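Student: Generate coordinates for the entire structure from the input sequences, incorporating the hints supplied.
These protein sequence lines are chains A and B, in that order. The numbers in this note's numbering rise by one with no breaks, and the one at position 125 of the first sequence is 126. The numbers in this note's numbering rise by one with no breaks, and the one at position 102 of the second sequence is 538.
Hints are computed from structural coordinates only; laboratory data are not their basis. Note that this is a predicted model, so its numbers are computed, not measured. We put the CB at the ideal spot given by N, CA and C, even for glycine.
Residues on chain B that point at chain A, a partial pick, calculated with CB under 8 Å:
#1 Leu457
#2 Ile508
#3 Val515
#4 Val519
#5 Leu520
#6 Ser531
#7 Ala550
#8 Ser555
#9 Gly558
#10 His574
Read off the chains here:
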Amino acid sequence: MSGFPANVPAWAALLAAGLVLFGAGLTFIGALGLVRLQTFYERVHAPTLGATLGMFAVLCGSVVYFTGAEGRFMPVELLAAVFFTATTPVTLIILARAALFRDRTDRSGDGVRVPLEGECAGVVRTPPDVITDPRRSDAPQDR
Amino acid sequence: MIRAVLPHPILSLGLFGASLLLSGSTAPPSLALALLMALAAPQIMRVLDVEPVRLRKPLTLLSFAVVVTRDIIRSNWEVALVVLGLNPSGDKRVSGFVHIPLEMRDRYGLAVLAVVITSTPGTIWVEYEDATGVLLLHILDLQDGDDWAERIKNRYERRLMEIFE
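Tutor: This is the structure we're talking about:
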């Protein structure tokens, strides 16, 4: 880690810069989504941009940079990728479930109509190919 | 015999690799530490009585990874367009919930499916009912031609069932 840009080859520095900028850009678009999307369920989708391709591009940039700087390949970023991928969905699922619970029990949310508990109970008895019709339950009538 | 030493071979392999990466070297002390981790941690799991992961068809895992990577890259692009307001459907975009009856019952398979669906921008795993096996998804951009049940079942569930069940 000692050598800062001085002994990093130019190609590694440029490639790393490109990857980090690309990843940061995607993450920024994801963050923008938190502001621009309308309902809670829509907003939960936005951060996954930064958590998947954005994260991957930044980590790739890090691998390229430190491989160039240290002259050996030791991708410790792989661990960051694994733990990032395994933990982010847990948080997002918990958030979505909490919102679903709120919207089923009171009306303090965005006014999105959500499927009630067991609303899909009748679905199981029919063959899978018959019930593929998506329920468009939060059509934007109240916005 | 091998089960006594390595009750969770995949966990052991993962810990061995993680330990080497964290040490940042393959010198003998790092190797010894990694080996110790790989042998000791599964014994703790044995006390916890965790069902070991069995991969029936490890090679299918590769084709699954390819499919998932391609889907994630494509939906990153699609969701980015939605956020920037550049998506083809424009203001008429509708988001909503979709019910999907799953046949897979293996808990590791379901866990992987949950991670994959939630990691893919534009789809979120919202709820799964154990008793009925019905999964509730939220989809950011519901388009008319899209058959989500077909997509989830054919692309992901079928392969996961091959791998885990």
